[in-house]
Amino acid sequence: MRLLRNLVKAVAAYALLAGSISLMAGAGFVNPYWVQILELACIVAISAQGLNLIYGYAGLFSLGHAAFYGIGAYTAAYLMKTYGGQSQAFFLAALLAGGGASATVAYLIGLPTLRLTSDYLGIATLGFGIIMKVIFDNADSFLPALGGARGMTGIAKMTTIPWVVFFLLASLFVVRNTIHSSYGRAVLSVREDEIAAETMGIDTFQYKMVGFVTGCAFAGVAGGLYAHLYAFLHPSNFDFFKSIDILVIVVIGGLGNMSGTLVASFGWIFLLEGLRVVLPPGYVELRWVLIPVLLIVTMLLRPQGIFGAHEFPFLRGKGTR
Amino acid sequence: MMLEIRGLTKHFGGIRAVDGVDLLLGEGELVGLIGPNGSGKTTVFNLVTGIYRPDAGSIALEGENLVGIPPHRINRLGIARTFQNSRLFRKLTVMDNVRIAHHSHLKYGPLAALCRTNRFYNGEKELHEKVDNYLSIFMLQNRKYEIAGNLSYGDQRRLEIARALASEPRVLLLDEPAAGMNPYEVGRLMEFILLIRERFQLSILLIEHQMRLVMGICERLAVMDFGLVIARGIPAEIRENRKVIEAYLGEEVPFE
Chain A
19 MRLLRNLVKA VAAYALLAGS ISLMAGAGFV NPYWVQILEL ACIVAISAQG
69 LNLIYGYAGL FSLGHAAFYG IGAYTAAYLM KTYGGQSQAF FLAALLAGGG
119 ASATVAYLIG LPTLRLTSDY LGIATLGFGI IMKVIFDNAD SFLPALGGAR
169 GMTGIAKMTT IPWVVFFLLA SLFVVRNTIH SSYGRAVLSV REDEIAAETM
219 GIDTFQYKMV GFVTGCAFAG VAGGLYAHLY AFLHPSNFDF FKSIDILVIV
269 VIGGLGNMSG TLVASFGWIF LLEGLRVVLP PGYVELRWVL IPVLLIVTML
319 LRPQGIFGAH EFPFLRGKGT R
Chain B
10 MMLEIRGLTK HFGGIRAVDG VDLLLGEGEL VGLIGPNGSG KTTVFNLVTG
60 IYRPDAGSIA LEGENLVGIP PHRINRLGIA RTFQNSRLFR KLTVMDNVRI
110 AHHSHLKYGP LAALCRTNRF YNGEKELHEK VDNYLSIFML QNRKYEIAGN
160 LSYGDQRRLE IARALASEPR VLLLDEPAAG MNPYEVGRLM EFILLIRERF
210 QLSILLIEHQ MRLVMGICER LAVMDFGLVI ARGIPAEIRE NRKVIEAYLG
260 EEVPFE
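Protein sequence lines correspond, in order, to chains A and B.
In this text, residue positions in the first sequence follow the numbering used here: the first is 19, and each later residue adds one.
In this text, residue positions in the second sequence follow the numbering used here: the first is 10, and each later residue adds one.
I should point out that these hints are in silico values taken from the structure, not numbers from a laboratory.
Any given hint could be a false lead.
Only pairs whose alpha carbons sit at most 27 Å apart, straight line, appear in this in silico DSS-like list of lysine-lysine [unchecked claim]: (1) K134/B - K27/A; (2) K116/B - K153/B; (3) K99/A - K27/A; (4) K139/B - K100/B; (5) K153/B - K139/B; (6) K175/A - K134/B; (7) K100/B - K153/B; (8) K139/B - K116/B; (9) K336/A - K252/B; (10) K336/A - K153/B; (11) K175/A - K260/A; (12) K116/B - K100/B; (13) K99/A - K100/B; (14) K27/A - K116/B; (15) K151/A - K139/B; (16) K27/A - K260/A; (17) K175/A - K151/A; (18) K151/A - K27/A; (19) K153/B - K134/B; (20) K116/B - K134/B; (21) K134/B - K100/B.
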């Protein structure tokens, strides 16, 4: 019964959110440009929620998040372009396949690297990110459809508000329900003190792996959505700096804080785009000066992230306290 | 035998931290492991709990081999420990510290948690009751929503024991539980240790420096020095043992 009630609530929340935004866009209250920015913000929020799981909750310092974003993007785009056409059902399958591909690669990378501790793991994932960038750059040599350094074109524009809202809510749902459960607390214990967690019966390697693989799967799905938003992929969208962008979002939002990560993702994207409108032409690139300044100010004033330990009511763990 | 350690050896470079140690812990027994700083006591704990792998020797829990088994599985087989400098999950609440230790006895699966089924809510409720139970034994039940790192020193030490108990062990290894406690707290701690042994039918191995504690509650003692067990026996015998006195105070020099 409870299951049914929760399901109804989830569907209602989804319908309300996706419906109202689509309606506003359809009625012309929001122009298509800003709808696209909103979609991008949701996609970035999904990816950031993944890194929040990896770095914020499991404490695994990953500098290769954009690589997993890219794996998902290229996988989904390739499948869709080659087999999918315009089919909505196939789009869903392609997105999940993108997430699955990222998760599989994350698992294989995790086997040797998750035994490393913080800084060393950072270096290993950084190296992986660079390798992936080189692979994306030269992808046309083994799969011409991927386009390599020239970029991948001819991707169908499939990403819509209902799709991004669905996956954003799904990612929040997964993180909330696992973190506020004994499994999530096991993940936290790994971050807090690995040796103590081990001696208390927690299989720390297993939980690190689950956190890492799930977080990378989020990035993969987000990547797939991204590929079908602009209908164009270029390796430079998945380089080291894109990993840093997500890292900054998670840190500003507050490590291990879902609400903060969510707000910071939207803030980040809308600030970038908003400044494009506000700044005089020719000074638009000043955005990249203002944002680091903002980061420094945030770290000085609120090192624990914008939300601290607070969460939006719908992201709290009911019945677990 | 609850815990049977034979010929346990561990080298760190040229240092023999533990050198052929034999230790037996019977069911329901409370054995003290004493010795000067650096004599290898904590290393023995780290070997038993699987944090280090021994170079030689055997460790068995009720006849079951423990060598080469990862720490989390050793815990599930029934051995829990505390740490010399406490290793609480300092940023988590008192309740979460205890709940995490009970994780391996969890009654719901990950899917139940994800879908928030009744099984999940019942499991969480049951877990909550268990935590209350453990915390009330240590008089920490009013502190359960506090962050563990904010507790007073004595409370933190007791929380660490509560957390170890929550993993439902049969053997408890306590590494200097009374370190930094005042005489009154030590007295209370002694009562606690005896109480939990009775209540949870534990066998306890205790590392301690405070002679009042070990002499007061341990049935048997083993004394280590430079990685070797130099004496064993009941507290009264150990008190008179020449080797032990020398290890702690140095050799007797004729006064001229």
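Cross-check of the supplied hints:
1. For the given pair, K134/B sits about 23 Å from K27/A by alpha-carbon distance, which is consistent with the 27 Å threshold.
2. At roughly 22 Å between alpha-carbon atoms, K116/B and K153/B fall within 27 Å of each other, so this suggested pair holds.
3. The hinted pair formed by K99/A and K27/A fails the criterion: a straight-line CA distance of about 35 Å is larger than 27 Å.
4. Distance check on the hinted pair: K139/B and K100/B sit about 21 Å apart at the alpha-carbon level, within 27 Å; holds.
5. With a C-alpha separation of about 12 Å, the suggested pairing of K153/B with K139/B holds against the 27 Å cut-off.
6. Using a Cα cut-off of 27 Å, the hinted pair K175/A and K134/B is violated, with the two alpha carbons roughly 47 Å apart.
7. Of the supplied pair hints, the one linking K100/B and K153/B holds, its CA atoms being roughly 13 Å apart against a limit of 27 Å.
8. Using a Cα cut-off of 27 Å, the hinted pair K139/B and K116/B holds, with the two alpha carbons roughly 12 Å apart.
9. Between K336/A and K252/B the alpha-carbon distance is near 60 Å, which puts this suggested pair outside the 27 Å criterion.
10. A threshold of 27 Å between alpha carbons decides the hint, and for K336/A with K153/B the separation of about 17 Å falls inside it, so the pair holds.
11. Restraint check for K175/A and K260/A: the C-alpha separation of about 22 Å stays at or below 27 Å, so the hint holds.
12. As the CA atoms of K116/B and K100/B are separated by approximately 26 Å, the hinted pair is consistent with the 27 Å bound.
13. For the given pair, K99/A sits about 48 Å from K100/B by alpha-carbon distance, which is inconsistent with the 27 Å threshold.
14. Restraint check for K27/A and K116/B: the C-alpha separation of about 26 Å stays at or below 27 Å, so the hint holds.
15. Annotation: proposed proximity of K151/A to K139/B is violated, straight-line Cα distance about 50 Å (limit 27 Å).
16. For the hint pairing K27/A with K260/A, the CA-to-CA distance comes to about 35 Å; that exceeds 27 Å, so the pair is violated.
17. Note on K175/A and K151/A: the hinted pairing holds, with a Cα-Cα distance of about 24 Å set against a maximum of 27 Å.
18. For the hint pairing K151/A with K27/A, the CA-to-CA distance comes to about 41 Å; that exceeds 27 Å, so the pair is violated.
19. Annotation: proposed proximity of K153/B to K134/B holds, straight-line Cα distance about 15 Å (limit 27 Å).
20. Note on K116/B and K134/B: the hinted pairing holds, with a Cα-Cα distance of about 11 Å set against a maximum of 27 Å.
21. Taking the CA atoms of K134/B and K100/B, the gap is about 23 Å. The hint holds against a cut of 27 Å.
Comparing the model with each numbered hint stated earlier shows that hints 3, 6, 9, 13, 15, 16, 18 do not hold.
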